[in-house]
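S.K.: The primary structure of each chain is shown beneath.
Protein chains: 2
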Amino acid sequence: MAFPADDMPDRIRIHEVGPRDGLQNEKTVVPTPVKAEFIRRLADAGLRTIEATSFVHPKWVPQLADAERLMAMLDGVEARLPVLVPNERGLERALALGVREIAVFGSATESFAKANLNRSVDESLAMFEPVVARARDAGASVRGYLSMCFGDPWEGPVPVAQVVGVARRLFDLGCTELSLGDTIGVATPGHVTELLVSLHQVGISADHLAVHFHDTYGQALANTLSALQSGVTTVDASAGGIGGCPYAKSATGNLATEDLVWMLNGLGIDTGVDLDRLTATSVWMADHLGRPSPSRTVRALSHEDSHEEQ
Amino acid sequence: MAFPADDMPDRIRIHEVGPRDGLQNEKTVVPTPVKAEFIRRLADAGLRTIEATSFVHPKWVPQLADAERLMAMLDGVEARLPVLVPNERGLERALALGVREIAVFGSATESFAKANLNRSVDESLAMFEPVVARARDAGASVRGYLSMCFGDPWEGPVPVAQVVGVARRLFDLGCTELSLGDTIGVATPGHVTELLVSLHQVGISADHLAVHFHDTYGQALANTLSALQSGVTTVDASAGGIGGCPYAKSATGNLATEDLVWMLNGLGIDTGVDLDRLTATSVWMADHLGRPSPSRTVRALSHEDSHEEQ
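In the order they appear, the protein sequences are chains U and V. Residues in the first sequence are numbered consecutively from 1, following this note's numbering. Residues in the second sequence are numbered consecutively from 1, following this note's numbering.
To be clear, the hints were calculated from the coordinates, so they are not data collected in a lab.
Per label pair, the in silico range of CB-to-CB distance:
id, chain 1, residue 1, chain 2, residue 2, range
1, U, SER141, V, GLU78, 50 to 60 Å
2, V, GLU78, U, HIS303, 34 to 44 Å
3, U, GLN162, V, ASP7, 25 to 35 Å
4, V, LEU97, U, TRP154, 47 to 57 Å
5, U, ASN25, V, ASN118, 47 to 57 Å
6, U, PRO58, V, PRO62, 51 to 61 Å
7, V, ARG100, U, HIS208, 52 to 62 Å
8, V, GLY268, U, SER141, 36 to 46 Å
9, V, ARG100, U, ARG291, 46 to 56 Å
10, U, TRP284, V, MET73, 44 to 54 Å
Chain U is nowhere near these chain V residues, computed Cβ spacing over 12 Å in every case:
id, residue
11, GLU37
12, ARG69
13, GLY76
14, ARG89
15, GLU92
16, PRO130
17, GLY231
For each residue, glycine too, the CB sits at the ideal point set by N, CA and C.
Same shape as in the complex, but just chain U (with noise of 0.2 Å):
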C-alpha cells in the first residue's frame, strides 16, 4: 500500500499521559511500586515520552503526593519523564530531582481558570511566568497545556481567537510547545482545522504544537486524523484511555493510546509502539483500578482468545 499519504507525516510522537493525567482523578490512592511498574511498561511497549507525574501540592491531589519517591523508582527507564508543576515550588522540586522537561496547565477560558486554579487567565499567566523562566534558564523544556480550547462547561464555545490569543502569550513566555485541549471533548474536526489554521496565520506552526483530545463524544480520533492533516505531528494520548475530565458529562476521558496505534499502525505511520505489550500493560492496569478499560481496542485485543473459542 502507498501509505503514508502525502499529506501525513512519517513519524508520530505519542506524549503518553496515563500515569499522570490518567490517574490523578483515581479515588484510590495508586501503590508507587505499581506507578513505577506502570511506566516502565509503557517504556517496555516502545513509548519514549511518558508524563510521569505532577509536583503539585498533596492537599489538591492525593494520588500524586508521591511525586519524589516513583521519580525515584524510575532510574534506568529508557523514555523522557516530563512532569506537570503547578508553580514555582513545584518546579523546584522537579529541578532538584533533575528533571529538564516540564510542563504548566493553563486554560483558554476564564471560568475553568477560576474553577481550577483559582486565577482570572491573566493572573493564571503571571504565576507561570516565572516557573517559565526559571525553568528555562535551568535549561528545561516547557509545555504549556492549553485547556478548554473548544468548548467549556460553563461558557459553551471558544472563540477561536480567544485561544489564539492566550495560546501566543504561553509561546511569548517561554513555553517551548503547546498541547492544545479538548478538556469536555467537544470538539469535530472541522474546529480543530480552524484553531491549526488560526494559530499558523500567528506564527504558531504545527510543529511546536501537540493535541489533546477527550473522547466524551466519541470524537478523539477523528479529531486527531484531522489535525495530522494539518501537520501536527505529537498527540497526546492516555494508555487503556483511563483519566478524564472532572467537569465532563460522562466518564469517558482521555483518548486511548491503543486506538491511536491502531489508526497509526493502518496509515503506516511509525509509532515505535509495540500494540501487543501496550494492551497487555493496559489490561494489568484495568485489574488494579478495579473496571476494564474504556478502550476499543483494548478490549478487542484482549477478547481475542475468546473469540477463537468460538
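For chain U, the structure is supplied; the task is to place chain V on it using the hints.
M.R.: Same frame as chain U, now just chain V:
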C-alpha cells in the same frame, strides 16, 4: 465559522440500520410493537432512511421473523423504509407488501461468503442475479451490502483489488447503491481512501457508495471522516451503536448514529436529525435491551442532568 469546509459535502444522508442490523443478533426477541415504536421514534427524530427489517427465513434470524407484521404497523411513518432480502423468496414477500427499496447482503471474501451464506462468492452472486433483476423490474432500488471490505477474521487483510472486483460485479448485476462494510472494524482512514480511489478508477463514483463502519477498534468515526473527504455522502449508522458482527472480536458494533451526528453538526453538515430526540430514543431502546448504549454521545448527553447537580 466557515463550515462546512470546501472538501466536505453540504449534506449527508444517514442510512439508519438500528432496527435491522442493530437488532438482528439480539438473543431476546423484541416485541413487534416495540420495534415499530423504535422506527417511529427514529423517524420523528429526523432520520429519513431507516432499514426496517429483513425478509430472511425465521430459522436463520428468529429476531426478524415478524417482518410482515412489523411492516403492517409502519403505515404513515415519514421515512424511506428499505428492507434486506436474502433471496427470491424474501424478495417476493417484500414486493407483495409494496416495498420498493431492497438490499442484498454479499461478501468480498470467500470465507465470509461460506460462513454467512454457505456459498462461494460466485455462487452468491449467481443467487443475487435473479433477485436484483426481478427487483429492478418491479421498480425497486437495490442496495448491495458488501461485507468484509477491509479485513476478514479468517483471511486477514482483504486486497483492495478483490473488493473492487466484487463491487464491480454487484453493480453489473443492477445494484443501484453499494454499502462498503468494515464488518470486523479493522479499517483505518488511509485504507478507506485507497479503496474509494480504486473504486473511482473502475468507474464507481462516491455518489453511488455508502460506508458502513464498525467501532470494534474505535476507528469508525475517523474512517467516516476519511470517506466524507473522498466524496461519500451516504453513511450507515445505528442508533445508540446497537448491533455488531458476531465474528468481530468484542461486543462493540456499529458506528453510533449519535456520534456521527455530533461530528456532522460540528462540521456544519446538515442531517435533519434532532440529536436530543435521537438520544432519548436510544436511551429508551437501551432500557428495552437491558444494557446501556455503547454510544459515547448517548452516554454523555444522558448524563447531563447528573452533571448539573455536581
